[in-house]
Amino acid sequence: MTWSDYLVFAAAVVLTPIIGGLITGLDRKVTALIQGRYGPPVLQPFYDVVKLLSKEKMIVNDFQIFAAYIYLLSAILSIGFFAIKADLLMIIFIMSIGLVFYIVGALATRSPYSQVGAQRELMQMLAYEPLLIFVLIGMYYVSGSFSLKSIMSHGRLLLDLPLIFLVLCLVLDIKIKKSPFDFSTSEHAHQELVRGILTDYSGPYLALIEIADWYELVLLLSMIAIFWSQNLIIGALISLLILFLDIIVDNISARMTLKWMLSFSWIVGIVFTVVNIGYLYFVSR
Amino acid sequence: MSSDLILISIIVPIVMSLITITTGKSLARKTIVSATLVIVLLSALAVLKVVNVPTAINTSFYGIIDKLIKVGDYLLLLYTLYISFKVKEPKIAIFAILQILPLAFFELFMLKEQEVNTFYIDNLSIIMNLVVSVVGPIIAVYAFGYMDHHEEEKKLTKSRQSRFFAIILLFIGAMNGIIFSNNLMWIYFFWEITSLSSFLLISHDKTEEAIRNASKALWINMLGGFSLLVGIIILYKYTGIITLDALLKTNSSYILLIPVFFMVLAAFTKAAQMPFQSWLLGAMVAPTPVSALLHSSTMVKAAIYLILRLAPAFRGTTLSGFIALYGAFTFIATSVLALSQSNAKKILAYSTIANLGLMISSIGINTSSAITAAILLLIFHAVSKALLFLCVGTIEQNIGSRDIEDMKGLITKMPVTTIITFIGILSLMIAPFGMLLSKWMAIEAASKNLVVALLLIIGSAVTVMYYTRWIGNILSEGRNSKFFVEKQPLTIRFALYSLVTIAIVLSLAVTQLFNAIVKPEINMLKMSISVKAAAGYLESNLGGFSIYPVFFAIGLAVILAFLTIKNSHDIVQTKPYEAGLNYDDSNNGYDVKNYYLPSIINEALMTKYMNYISLILILAIFGGILL
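Keeping their order, the protein sequence lines are chains Y and B. Here the first sequence stands for residues 1 to 285, where the numbers follow the numbering used here. Here the second sequence stands for residues 1 to 627, where the numbers follow the numbering used here.
Simulated from the structure, these hints should not be mistaken for laboratory data. The reader is advised that the hints may include incorrect statements.
[Said to hold, decoys possible] Chain Y is faced by these chain B residues, among others (derived, beta-carbon under 7 Å):
| hint | residue |
| --- | --- |
| 1 | Tyr-82 |
| 2 | Leu-450 |
| 3 | Ile-457 |
| 4 | Leu-475 |
| 5 | Leu-542 |
| 6 | Ala-557 |
| 7 | Thr-564 |
[What the hints assert, rightly or not] To give a feel for the contact side, a few chain Y residues facing chain B, derived at Cβ under 10 Å:
| hint | residue |
| --- | --- |
| 8 | Lys-51 |
| 9 | Leu-53 |
| 10 | Lys-57 |
| 11 | Ile-65 |
| 12 | Ala-67 |
| 13 | Leu-73 |
| 14 | Val-104 |
| 15 | Tyr-113 |
| 16 | Arg-120 |
| 17 | Phe-146 |
| 18 | Leu-232 |
| 19 | Met-256 |
The structure displayed is predicted, hence computed values, not measured ones. Even glycine gets a Cβ: it sits at the ideal position worked out from N, Cα and C.
For reference, chain B alone in the conformation it holds in the complex:
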């Protein structure tokens, strides 16, 4: 039963993607895609309900799937070789060959065939599965409305949506494959599929820039795939371990750390940590649902999943400490870079990389409250970031710009979207929303490590600055502004409303969320539970956070403001003060630009130096193993 459910969540989207690509009719395609999404969602909910965790499950299909994957590996790599010639990017070919040769050698001469458990499931898999299967489909539904508009805008004569939705389904299936597979070689295969899918999605528009950025994404991720493969081969050579359940049973020892390093490095590339960040920034050229997907529920989250999986293997080692430092460095560096940006998508991209750095840093700290913080960050980030990307996409299609300076007065043009964006940003940056609660936990957990703590603290303060001014811009309005009633396609409205609801409900129910799925995972990792949660109060051994009073205060402020506006008839609407100059509502001449601190932060120059520093840190991580 459970194994069938999991097979469904992997195989159904992949098979349906093959059907979708051949379906030209819009309505038929939408039906097929929606049906698949519903199946994925239902199977995720069923897994949550049915499967007792942790568990390793067998299926009778193991042999067939294993053979398919073995063949699939080579097909995939040969296809990337073909891509390499097509887009004229030799780096892709280099990393493809670098994988084919060791892979063939490994499978022909080293790997002894053995029947292993097919799937490994614990609470972490379930959390990831929910993130992929709830947020992913919502984004896909949003894409229905978005892509129609997008193709009108690009004046395409022949729709390319079949290909687009097919890849999205493939992507979701491959994510579930990474999450549930027990065999490390399977994880490697699905890992490579996600790299390929992201290439195909980023290059969707076929512009020169899109293809260039997509090939960059592909070669950087192929580098990661190579690193993952090397890690698995070394691990197998010295320990004979090829499955996740066996890896989780071993205690950390000297010989294990070298393969772990290579696998963590693979995760760094996929999580776009410095100096690999450029691929995720380049991915912004893709249609917005793609960015939302890459940044929230798929791709980068696979990296966090892998590091979380490996965390027990490096607990208490120097490697762990260096990973914490490295993550914290990426967090602060990309936060500062985000400060210099006015392009909303770029702000979101940098903030994703920063938040992934925060998660990696927490995993590196590796105490039970730090791991808790990382898992909570993963969940809340997926929801809020997906929401914000979709908001920016909606705004961009309406006002034709993604610059936050151009979003001044947005509240009058798109009141509904603006308020949802506003809540989305709040849910990423202020208490009592889940992100900040997790950040609170991360900072308290990091406080033993002074350098990491200082980096996280400064980074957080910077985050508040770039998000606050963005809110300020979208909410700014003049006197007697006319509010337009906003028309949104149904699919877009559905996506935005459901994500904003999930963001709020999850924050309100953070204690239940913790007790239901995060705590059992920490228990399973055999760590002492230092975090307790009940009735909106999260308590660690260093302090405690109470969320309900804060929600109450915000609610009270809303009510008070509402009553004031409604009951007092003596409110005088006045003009903004302009020292006696005539105020003109349509006039933007007196508008003040935000401070982007160009004299302090030069993006290109800073990126260069930050890349050097992060490279040194990675070398230090490697050196740390030998210590």
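Okay, chain Y solo, but in the shape it has when bound:
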């Protein structure tokens, strides 16, 4: 790593939560408009996090503190590695460290709500993790490498990998827990009283998890954006458009079952990946 790498790393770590928070705020605003409400101000997520940070520290057991920290740190680490264009497969593996601890943190409390939420989060992970790596395999077939640098030098992945792009959009939808995939927590659009895996996380530790979620949201949106790495502004617009579509789907669909999610995501993931790579192999070469 060179000095400029360290600078980029640091900048990404500092800027990402700001972007992530703003996007979350916009999400809430748009959702409210769709539902015919006025909605909270765009900066509301920041107010929420600041308030949570200053709240009383209530924990069920010590492991939760560790889990929340490591979830945040692994999210920070993966966005930093993304910014310096490291190996994408490594980034996904690092991201999953945090998730494992996040889930174990919830399992470690004996509330049935947390436990069920955690089991559901595990199923969601099972649904999207392989898909995320399928996407990388697709990128590998186009660029011959897993390193983000080589992948981005390709320019317009979207044209070569349209189906795999859709797989990544599906991953985004499952990952940010929007309907029909909002099993493990019901995100803000649904405002349920008990929030599954998050039930026993509270105060500052819930804030850490919120911030980590912003990092992961930005990481996934960036992965979508690099499908048009020739011009990252267009790439960013594409990813925001996808997020907007996700918000609409979130508001017009209901929660499905876990079994459906698993079979749907794996079938879509496998078929789209195989067809897309077959297309690369036979048509465009």
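Following the hints, put chain B in place on chain Y, whose structure we already have.
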């Protein structure tokens, strides 16, 4: 000098095992066994230090040993015939006779006596020797404490520990025999000894179930032995090759692949790949140190050793591609089966088979980074799996159950063991520990082969699920739980602490490990090195993985959490949320069970279909040779 060292590592444990079996006194036995283990360990370290590899070494004892082994072959097979009648399992007799006849024919009419190099040593032998001689003895030391407790539990009036430790020593000696022998017939002999030892160890408790499962293990492994023998005979008939060093010098050619297929098939049986997995699952009835030994440093690893040895012989052939596919299939099928289990030992058993499948798949991919991944997986798997089996054994002796559902709240009952188990599981499933690093390398190496890559990816995701929920179960605790101070016998504590330390240190030192012993092996195989390693950074031509930042992040999280807990006096301990119901610490009534997906995965039914598919794949491998 070097040849003496190697003779020591094979012969000392075997001779000492004969002494152990006659030693009834506990203290004397423990002394003899410990002394042997120390000798084995020291000789392995000395081999690492002294021997320049690769090399073939002669000894003046070649002739004597060869005669002993020739006689030993028949004694061994006749003994298995006797076992067959004793346990009333005709399949054992069938495979024993199927070996005696060709063996006699081969040695009497085909084999021309010639003096060959006694031992063949390269970095792979050294790696295997270290795995056997470091992990094996630690497990044996653990068994000191475990077996005493075990015999109390079974209310035995007469201790059977002499026999038990004797077989363990024999087993370790035979493993070293497989690893160092140059003559393929010697490898075959030691291979059969490991099969017999595992029979004797699995049947140790003499219950009906133990004997039934042990006989199953024996006949399946005898099938493998038969296949190995057939492979060696065909190889000798068409090429005149009877030694490892000669085999490694030849380039792959059409005629070589048929014997290679039979030898690989033998390895599949020993590695308990589908459809041969049932013997390793049945082996769970044995006392836990036996399971640990079979699953980590001996037995199944002999299979990986053999396939790794043969890898240059099938590089670039269709056979290789099919082996990759077959391994990947076993990986995903057994991972999914593990998902449906709540029995910790069974989860570990399925995960062993899956990881062996991953290794075999990597060897089938056969590029330099794939072979690197396979060797690293072998090392890390041996340490972590041994650790986890020993943890489960300790837990089982304390709480009387090996079901992960019963391990809820274990952290309050056995804090030390729980934390070691926790680290052990982490070392098998998440970055930056060596297993996942190797898996990363395997997936990148497999990416050219789309089907194999997809199977490995889904399998890995499943692995994360069944291990995560297990961690969740052992760590779950209620409010104000009292932590008990845990008492462990010294030997058990020694084994757990040393294995967990090795697991962490090896992961931290993965680049040094790679440069010191894996890279020279790849060099020796005359493959272009595509993996570079320095300062915690492993780089292949497809990408790179940096481990130190991740260790740093985990360390930082530990420190931050520790400081938070220590410095803030305003932390309020609260109850888990139960929607206003009264929370009762002792009450498990609100506990939620893990998802085992019974509506999707039916173990019996799925095993049946998976066995069919894997049989078809094996036939395809055979067909692949003819293509």
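Problem - Structure versus earlier hints, numbers of those that do not hold, lowest first - result: 1, 8, 9, 18, 19
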